[in-house]
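Spelled out, the chains give:
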Amino acid sequence: MSDANTQAVEKYRNNFLKEVSERVEEGDWVKMCMQCGVCSGSCPLGSAWAHPPQEIFMMIRAGKREEVLTSDSMWMCTSCYNCIVRCPRKLPITHIMHGLANYAHRLGLAPKNQPTRVLGTLFWNNAIQNGRINELKFSLALYFKDGFSQGIKNALAMKDAGLGLLKAKRLNPFEIFGGHGCKGKKGIHAMLKKAQEIEARRKNFTA
Amino acid sequence: MAETKLAAYICQGCGLGERLDTAELAKVAQKEGKVPLVKEHEFLCNAAGVQMIRDDITNEGVTHVVIGACSRRAKTEAFGFTDVAVSRANLREGVIWTQPDTVEAREKTQEMAADYIRMGCAEVKKMVLPTGNPNAATNMKMLVVGGGISGMTAALEASKAGYKVVIVEKSPQLGGWMAQLYKRVPSHSPYSDPVDTGVEELAAAVQGDANIKVYLNAITSKTSGAPGKFVVEITPESAAAITEEVGAIVQATGFTPYDANNLPELGYGKSKNVVDQAGLEALAKAANGGVIKRPSDGGEVKSVVFVQCAGQRDDTGKHLPYCSGNCCNTSIKQAMYFKDANPDIDTVVIFDDLRTPGNGEDFYRSAQQKGVTFTKGKVSTVDATGNTCKVNFHDLILGDENAAIVDADLVVLATGQVANSGVDTEARLRAEAASLAGDDALLTALDAQESQEGKKISILNLTYRQGPDLPQLKYGFNDSHFICFPYETRRTGIYAAGPVRRPMDIAQAVEDATGAAMKAIQAMENAAVGSAAHPRSGDLSYPSFRMEGCTQCKRCTVECPFGAIDEDEKRYPLFNESRCRRCGTCMGACPVRVISFENYSVDTVGSQIKAVEVPDEFSEKLRILILACENDAYPALDMAAMNKQLYSSFVRIIPVRCLGSVNTIWITDALNNGYDGVMMMGCKHGDDYQCHFVKGSELANYRMSKVDDTLKGMGLEPERVQTFEAAITDIERLPRLINEYAAKIEEIGMSPFKGF
Ligand code: SF4
Ligand code: SF4
Ligand code: SF4
Ligand code: SF4
Numbered sequence: 003m004s005d006a007n008t009q010a011v012e013k014y015r016n017n018f019l020k021e022v023s024e025r026v027e028e029g030d031w032v033k034m035c036m037q038c039g040v041c042s043g044s045c046p047l048g049s050a051w052a053h054p055p056q057e058i059f060m061m062i063r064a065g066k067r068e069e070v071l072t073s074d075s076m077w078m079c080t081s082c083y084n085c086i087v088r089c090p091r092k093l094p095i096t097h098i099m100h101g102l103a104n105y106a107h108r109l110g111l112a113p114k115n116q117p118t119r120v121l122g123t124l125f126w127n128n129a130i131q132n133g134r135i136n137e138l139k140f141s142l143a144l145y146f147k148d149g150f151s152q153g154i155k156n157a158l159a160m161k162d163a164g165l166g167l168l169k170a171k172r173l174n175p176f177e178i179f180g181g182h183g184c185k186g187k188k189g190i191h192a193m194l195k196k197a198q199e200i201e202a203r204r205k206n207f208t209a
Numbered sequence: 016m017a018e019t020k021l022a023a024y025i026c027q028g029c030g031l032g033e034r035l036d037t038a039e040l041a042k043v044a045q046k047e048g049k050v051p052l053v054k055e056h057e058f059l060c061n062a063a064g065v066q067m068i069r070d071d072i073t074n075e076g077v078t079h080v081v082i083g084a085c086s087r088r089a090k091t092e093a094f095g096f097t098d099v100a101v102s103r104a105n106l107r108e109g110v111i112w113t114q115p116d117t118v119e120a121r122e123k124t125q126e127m128a129a130d131y132i133r134m135g136c137a138e139v140k141k142m143v144l145p146t147g148n149p150n151a152a153t154n155m156k157m158l159v160v161g162g163g164i165s166g167m168t169a170a171l172e173a174s175k176a177g178y179k180v181v182i183v184e185k186s187p188q189l190g191g192w193m194a195q196l197y198k199r200v201p202s203h204s205p206y207s208d209p210v211d212t213g214v215e216e217l218a219a220a221v222q223g224d225a226n227i228k229v230y231l232n233a234i235t236s237k238t239s240g241a242p243g244k245f246v247v248e249i250t251p252e253s254a255a256a257i258t259e260e261v262g263a264i265v266q267a268t269g270f271t272p273y274d275a276n277n278l279p280e281l282g283y284g285k286s287k288n289v290v291d292q293a294g295l296e297a298l299a300k301a302a303n304g305g306v307i308k309r310p311s312d313g314g315e316v317k318s319v320v321f322v323q324c325a326g327q328r329d330d331t332g333k334h335l336p337y338c339s340g341n342c343c344n345t346s347i348k349q350a351m352y353f354k355d356a357n358p359d360i361d362t363v364v365i366f367d368d369l370r371t372p373g374n375g376e377d378f379y380r381s382a383q384q385k386g387v388t389f390t391k392g393k394v395s396t397v398d399a400t401g402n403t404c405k406v407n408f409h410d411l412i413l414g415d416e417n418a419a420i421v422d423a424d425l426v427v428l429a430t431g432q433v434a435n436s437g438v439d440t441e442a443r444l445r446a447e448a449a450s451l452a453g454d455d456a457l458l459t460a461l462d463a464q465e466s467q468e469g470k471k472i473s474i475l476n477l478t479y480r481q482g483p484d485l486p487q488l489k490y491g492f493n494d495s496h497f498i499c500f501p502y503e504t505r506r507t508g509i510y511a512a513g514p515v516r517r518p519m520d521i522a523q524a525v526e527d528a529t530g531a532a533m534k535a536i537q538a539m540e541n542a543a544v545g546s547a548a549h550p551r552s553g554d555l556s557y558p559s560f561r562m563e564g565c566t567q568c569k570r571c572t573v574e575c576p577f578g579a580i581d582e583d584e585k586r587y588p589l590f591n592e593s594r595c596r597r598c599g600t601c602m603g604a605c606p607v608r609v610i611s612f613e614n615y616s617v618d619t620v621g622s623q624i625k626a627v628e629v630p631d632e633f634s635e636k637l638r639i640l641i642l643a644c645e646n647d648a649y650p651a652l653d654m655a656a657m658n659k660q661l662y663s664s665f666v667r668i669i670p671v672r673c674l675g676s677v678n679t680i681w682i683t684d685a686l687n688n689g690y691d692g693v694m695m696m697g698c699k700h701g702d703d704y705q706c707h708f709v710k711g712s713e714l715a716n717y718r719m720s721k722v723d724d725t726l727k728g729m730g731l732e733p734e735r736v737q738t739f740e741a742a743i744t745d746i747e748r749l750p751r752l753i754n755e756y757a758a759k760i761e762e763i764g765m766s767p768f769k770g771f
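Chains as they are written, first to last, in this note's numbering: chain A, 3 to 209; chain B, 16 to 771.
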């Protein structure tokens, strides 16, 4: 990933905006924001974020690379699409939020313990491994993300739900020993690798 | 002139016959009004009714007609007899539609109607059929002062309409500011890129137009006369004056950019790399599509910052307080000069509010597409070091007070427009008024300014008694009825177009110039037939005065809002009828009442006031006189009547041309005659006036403030005379106002002057 995350950025110059435009999913739209603030006003969570969408866009234009990429604001997006529906400039804000989060993650700049990020990473790794999700391992990993004793507490708190799932045969305790995979796991891995290559090429990442 | 013969016609249509005893009204006209020929008709405005009147005019020699029917604003075509004097008694809107249809109300309704008939008869007797301006002149050539986009457009449009034009331009070539631009903001879809100005083609079209004569390097050194017969002295640089006779004038003298030297904190004057928008156009013109160079050292510009509202929308009182309305689009255009040449150039526009009128929104979006960055912020200072600048600003979105852009090669200040309007003819009047009111600041400032820069140079050099240029609004833009009659100035036959009228861009200037040219043509055509200009276009009456009675008090000359009255060698008022807008303000002003119009005079209104039958003090019936401006208040009352809004039967309403035409003698007469109160309804006055005659309602208000003394002298309560501001939309408010006022008067009690 070269030195992409240590790029020098001049304030209110185009560098970072250009970087976002070239490398972030839907990032080219950032320049179209007219700073009306409708998105931030519409976002059910915006007021709880350090930087609601409108502000993130302005920060990108102001060249605040470090602050934007290390922010956890875009991780807070719940994909409710309120902002997209209302933005008079038709910016795909939700997608930009996800694009930014993903980009920050790839650069290794995203906040390490951000819950959404942890959940996403666990889910993705879990899914890739066997070509399907192993619910038991996934939930356990999530429970224990903050250490052993916290994991026990989490598991106990959720035990009723777990038992319910067991009874309904939606959870198999033996999955803990490897669990079952899917046919053509190799093919899936190859496919994902190819997709990553294509994206890296398109977005100019040095793989 | 033929012998006077009166006739009165009373209509029974529209329910009048059912609600009123028309036979009784006919008797009133005959006995009290002394009208020899009185007829009732069941449907007066239909062909038969109108024919009946026509026949009487032809066969009986009727010269004066009273029509007792609907409001004077209804059926104007049917009753538009141009060969006789006509008075309308408003029985429909004025009486039956505003009174309850009940048995108890019948008597009072009938009394109201009878009064309106008496008033109509009294008025018509004092009326003379207007004959038109005796000094009408028919010059149909137009003078355009200023050869920029506004001037050239006005000239070409007038020429296309078949009129001859003279353009006077003070510089050596046509084109004005537009000729200084590299490109212009687009005026056609897709509004995405700057386009060629087309100024050369336009100038060539003007030069090649056989109808248009162009004087370059020339000024209008003297302008006298009136619509249809202006005489203009044109003085070319170092040459003898030439005289041109014209019928109307369009002043399109444009603007000067606000002086960026007033903005040292923004680096202007300190660094060559800080320019105003005009300066940037010059750089772009020099580059002609190539690399725009840094003025300090000719280096390539890689980073440029546009500072919006530089010295504009300023609330500290130091700079322009207004928005010039074109600079945002201009900066967007200029940023595109850079982006179109090289997308890698950093272009940041720092704005407070981005205002992109017209189709500017699309243009703005296009600039964003091209990568121009827009940042909401307020620039505090620009520091210059070496060949670059540092722009310090408050980033209003990020809340960063110490935001800065370093190493900017170029900073462009959007400084806005100041009107090229010439001498402010009323500045001294205003300053003196303020000084009288205890605030000497204006007067001191004016004195200082005048002694410092001498007198500001006049543009039109009018020989009018009221001063050499057009009266101005607060910031030097010419005074016009902004909403309704934007091109009208307060000098009849002279129209303003383009940025001298208000700040604007090219597209607006083109539209403006076309409008002004059309109004100027209308003024010439009206003047040629001896009738008034807007808003009384078609009115043939004109003011005349009995010179023997005049005391030379000069009130009429000073108060005429349109500069229509000069003074002759013997210092008597000298009317210029074609400059006159027939508002009657002079008539209202004259203390000895020697000014009048054929069909509107102190007498026509005075006799109506006296014709009303004022009941005695024991009747418990009030009489309230309403003088209502015919432009707004009277129509509003008519509309209220259409909506069947009821109001007190004690009022008697007389329409007036403008509240400015109200002579205080009418008030005194009314009070002496035992009226219990007088309501005056006129248009809004003050800075945001709506008065059709600009100053009329204001002057009226001023005069009426003096009526208090008269009332005191008569031992009457000041509430008995009140002025109200009324708009044409006050349909529900006015009836309410009337009822509240009537209740108040009832509380105060009957006038002690009844029966004298
Ligand atoms: S709603 Fe759209 S244009 Fe408005 S601030 Fe948000 S992103 Fe920008
Ligand atoms: S989609 Fe995301 S950014 Fe948009 S309103 Fe919903 S939570 Fe906020
Ligand atoms: S005051 Fe009005 S009516 Fe009198 S001269 Fe002036 S424009 Fe004419
Ligand atoms: S206001 Fe009347 S008295 Fe005074 S100068 Fe005019 S005409 Fe004469």
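The set of hints was computed from the structure by calculation and includes no laboratory data.
One or more of the hints may lead you astray.
[As the list claims (entries may be wrong)] Using 27 Å as the maximum straight-line C-alpha spacing, the simulated DSS-like pairs for lysine-lysine come out as follows:
hint: 1; chain 1: A; residue 1: Lys20; chain 2: B; residue 2: Lys285
hint: 2; chain 1: B; residue 1: Lys285; chain 2: A; residue 2: Lys205
hint: 3; chain 1: B; residue 1: Lys285; chain 2: B; residue 2: Lys300
hint: 4; chain 1: B; residue 1: Lys308; chain 2: A; residue 2: Lys13
Hints and how they fare:
1. A:Lys20 - B:Lys285: Not satisfied, since the Cα-Cα distance of roughly 33 Å exceeds 27 Å.
2. B:Lys285 - A:Lys205: Violated - the C-alpha atoms of lysine 205 of chain A and lysine 285 of chain B are around 44 Å apart, more than 27 Å.
3. B:Lys285 - B:Lys300: 23 Å, holds
4. B:Lys308 - A:Lys13: Answer holds: lysine 308 of chain B to lysine 13 of chain A is near 23 Å, not above 27 Å.
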